[in-house]
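Using the sequences plus the hints, can you model the full thing?
2 protein chains.
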Amino acid sequence: MKWLETGQPGFEAAFQALLDEARETTTRVDAAVAGIIAQVRAEGDAALTGLTARFDRWTPADAAALRITPTEIADAVGAIPAAQRGALETAARRIEVFHRAQLPQDLDMTDADGVRTGLRWGAIDAVGLYVPGGKAAYPSSVLMNALPARVAGVQRIAMCVPTPDGVLNPLVLAAAALAGVTEVWRIGGAQAIAALAFGTGSLRPVDRIVGPGNAFVAEAKRQVFGRVGIDSIAGPSEVVVLADAANEARHVAMDLLAQAEHDEAAQSILITDSAAFGQAVVAEVEMALRHLPRAAIARASWVAHGAVVVVGDWAEAVALTNRLAPEHLQIMVDAPRDLFAAIRHAGAAFIGRHCPEALGDYVAGPNHVLPTGRTARFASGLSVFDFLKRTTWVEADAAALAAIGPAAVTLARAEGLDAHAMSVALRLGNKHP
Amino acid sequence: MKWLETGQPGFEAAFQALLDEARETTTRVDAAVAGIIAQVRAEGDAALTGLTARFDRWTPADAAALRITPTEIADAVGAIPAAQRGALETAARRIEVFHRAQLPQDLDMTDADGVRTGLRWGAIDAVGLYVPGGKAAYPSSVLMNALPARVAGVQRIAMCVPTPDGVLNPLVLAAAALAGVTEVWRIGGAQAIAALAFGTGSLRPVDRIVGPGNAFVAEAKRQVFGRVGIDSIAGPSEVVVLADAANEARHVAMDLLAQAEHDEAAQSILITDSAAFGQAVVAEVEMALRHLPRAAIARASWVAHGAVVVVGDWAEAVALTNRLAPEHLQIMVDAPRDLFAAIRHAGAAFIGRHCPEALGDYVAGPNHVLPTGRTARFASGLSVFDFLKRTTWVEADAAALAAIGPAAVTLARAEGLDAHAMSVALRLGNKHP
Chain P
5 MKWLETGQPG FEAAFQALLD EARETTTRVD AAVAGIIAQV RAEGDAALTG
55 LTARFDRWTP ADAAALRITP TEIADAVGAI PAAQRGALET AARRIEVFHR
105 AQLPQDLDMT DADGVRTGLR WGAIDAVGLY VPGGKAAYPS SVLMNALPAR
155 VAGVQRIAMC VPTPDGVLNP LVLAAAALAG VTEVWRIGGA QAIAALAFGT
205 GSLRPVDRIV GPGNAFVAEA KRQVFGRVGI DSIAGPSEVV VLADAANEAR
255 HVAMDLLAQA EHDEAAQSIL ITDSAAFGQA VVAEVEMALR HLPRAAIARA
305 SWVAHGAVVV VGDWAEAVAL TNRLAPEHLQ IMVDAPRDLF AAIRHAGAAF
355 IGRHCPEALG DYVAGPNHVL PTGRTARFAS GLSVFDFLKR TTWVEADAAA
405 LAAIGPAAVT LARAEGLDAH AMSVALRLGN KHP
Chain R
5 MKWLETGQPG FEAAFQALLD EARETTTRVD AAVAGIIAQV RAEGDAALTG
55 LTARFDRWTP ADAAALRITP TEIADAVGAI PAAQRGALET AARRIEVFHR
105 AQLPQDLDMT DADGVRTGLR WGAIDAVGLY VPGGKAAYPS SVLMNALPAR
155 VAGVQRIAMC VPTPDGVLNP LVLAAAALAG VTEVWRIGGA QAIAALAFGT
205 GSLRPVDRIV GPGNAFVAEA KRQVFGRVGI DSIAGPSEVV VLADAANEAR
255 HVAMDLLAQA EHDEAAQSIL ITDSAAFGQA VVAEVEMALR HLPRAAIARA
305 SWVAHGAVVV VGDWAEAVAL TNRLAPEHLQ IMVDAPRDLF AAIRHAGAAF
355 IGRHCPEALG DYVAGPNHVL PTGRTARFAS GLSVFDFLKR TTWVEADAAA
405 LAAIGPAAVT LARAEGLDAH AMSVALRLGN KHP
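Chains as they are written, first to last, in my numbering: chain P, 5 to 437; chain R, 5 to 437.
One should not assume that every hint holds.
Stated by the list, open to error - Restraint-style ranges between C-beta atoms, simulated for each label pair:
1. P:R160 / R:D79: 51 to 57 Å
2. P:Q283 / R:D235: 32 to 38 Å
3. P:R104 / R:P174: 45 to 51 Å
4. P:Q109 / R:W7: 40 to 46 Å
5. P:D112 / R:A402: 25 to 31 Å
Said to hold, decoys possible - Non-contacting residues of chain R with respect to chain P, defined by C-beta distances greater than 12 Å in every case (computed):
6. A36
7. A57
8. A65
9. D248
10. Q283
11. A319
12. A352
13. P370
14. H372
15. T396
Rather than coming from a laboratory, the hints here were simulated on the basis of the structure. Ideal Cβ positions, reconstructed from N, Cα and C, are used throughout, including at glycine.
Set out below in structure tokens:
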């Protein structure tokens, strides 16, 4: 854990080092992934059964056995404990409401020249959703990735999840059922991405693939990009907590640890105007690390990437936060909205002393798939926009063409594109423009 | 040019071949580009002067000489012929109006549980715009890339354009002035992308880079992706024209050639319900190729990639168009809106017999940077959304937390993330949840 104070010499260099910190270690798996993709393209279904036996240690009888039946999916919700079922339903309902409110309006305007122009939103036909298996099989991620697609109007949502040794987390299947996933396949790794991108006979290809995965999955998404759309490749998660001394230190400590427990590469940063409060939080972190089940991971993250930054005032905190452009931002001060108004770059903000990030991870409504590693400067969290696309359109009659056509002819000629110019000029009645 | 008829044996195979046609030849320049990026990162300004001398054959006195002064930019509009100036101003005004109408609304909602959630749009701070030099220096592309950024509220738009042998197209500079570009640099190739992504001392880094370029520029954008945002890598351009026999064949022929004259890899497809009309269009294409200045390019495109598809009815045409998901779509039939309503996938549509694509390339208002190579299935044209990002937010008080917190605790426990659960439970008053 690093301790920085804005007033001290060397602060700028230390803060810049924090910004430049590379928390991600990328394994180079390009060639292995290219081989798997080529095999899936060449052999289709047969490749999937073989690769599943090799990587997931169970052998499907045939390609049909890779698909979980619609009945199994529908039954999944009823098969889990009532409390978990209720919580998943609460989460699904709230996420759906928030994403439905995002749906954009079409545009249709006619201007003084008589030219009618517009923009029409439409859903992608088919989306593939990758869900990691094993430890990191999070039902909340299924809801967060699938519900925006369903709300956008995507008709076909094909989910792939590896089932190592044949085992599948029933909560993941229940989340898929609640989120309206239309197909679930027991396929993992690069072969799942290849199957979704190119199709295999049994599994029809999709148009866009979303969802987190390991290095093989991420590289496979990179390699099929262009053939299909992909979401951005998520890096390790991070939180910045802005908190004054009026907070309970143990609350803030647990917020920092909630981030740290994800991953050794996660990053938790406290920015406070009170060094004493900062010290109290550090002490509470140490206390909590004694009993947390995932203390080993959380401690590794906190020691390597954690930081406490003591600022002279909140304006300094805002400036530093904008440079960090954090994935998650908690604002726990007296007038949190004033600070939020001044923050330009953050993936998601949690406003007030009673609003820990974990609320947003599960049930608040906004998406928990968010831009990491300072990319909130230019990127956004997952939303219905990821599953919609726009078609712009122009409608012109002879009068409208006469009004704006000559300018098009002039510019086409200036660019040396004569067929462009002629396509307009011929319609204006100029045979030899 | 291929001639296909839906009723004939072998149609499906021939159409599928058209869909699978790879028109793009990618040059592998990974290593060369990685070297240039490393040099720019290591040497900053000094690398730029050296690389410019090497690739663009002129030697800047120093890094400051790479920048075109604000006065030069401002003066550029006055220095071009009045007709071109007027046409550029018309285009800029119309593009600005259309993109301003796209600006989305923020979201702010409070639900029955007392949880307030929202979504806030904000502009990216700084955008880099790459503009190719030489033949392909198109002022219209400057307008189409820079104006959406300015409308979105981007404060800093840094444009890089190579000036081979020191030469710069004055129209490109005029377009930059009209579009509100704030900096123009005489830098090209992979070194420009590296400079924009990492900064060089003189040139400060940006957050996102857009604009077309050659294989080196495209590969450099791939390599800096993550550090900054990038737009999609455009492939060769294409048009599908739906036209019945009531059209003038020479209009349609010129529309097809306007696409073909861009690039040998461009593709022009006519879909018609009249074989006789298709034959008339083919004859008019041959006629026009005798006198078009760019006939060599247009002919190469038409011969290799052009196609006429004769359909039995317009429902067939719609189905085929959706499979093609074309970048540009002209709809020249009696009730064009009926067909447009049934088209799910197209980058931009041009509706009616008086609405050639060239209108949209220059002055109609919608963007001419569009998804190519069937990616309109999942991707969209450039828009203000490319220069905005979203911050979602949640605000909860103690009562709101009490309403939805327990569900979060349940899900966090189910996922084995105890610090997540504790961060909520502690605030609910459960010391040992």
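Hint-by-hint comparison with the structure:
1. P:R160 / R:D79: 51 to 57 Å: holds, 55 Å
2. P:Q283 / R:D235: 32 to 38 Å: Cβ of P:Q283 to Cβ of R:D235: about 46 Å, so the range 32 to 38 Å is violated.
3. P:R104 / R:P174: 45 to 51 Å: holds, 50 Å
4. P:Q109 / R:W7: 40 to 46 Å: holds, 42 Å
5. P:D112 / R:A402: 25 to 31 Å: violated, 46 Å
6. A36: At about 18 Å from chain P, R:A36 clears the 12 Å cut-off, so the statement holds.
7. A57: Non-interface label on R:A57 holds, nearest chain P Cβ at 28 Å vs cutoff 12 Å.
8. A65: R:A65 clear of chain P: closest Cβ-Cβ about 31 Å, beyond 12 Å.
9. D248: holds, 16 Å
10. Q283: Correct as stated: the minimum Cβ-Cβ distance to chain P is 19 Å, above 12 Å.
11. A319: About 18 Å separates R:A319 from the closest Cβ of chain P, which puts it past 12 Å; holds.
12. A352: Violated, since 5 Å does not exceed 12 Å.
13. P370: violated, 4 Å
14. H372: violated, 10 Å
15. T396: R:T396 not clear of chain P: closest Cβ-Cβ about 4 Å, inside 12 Å.
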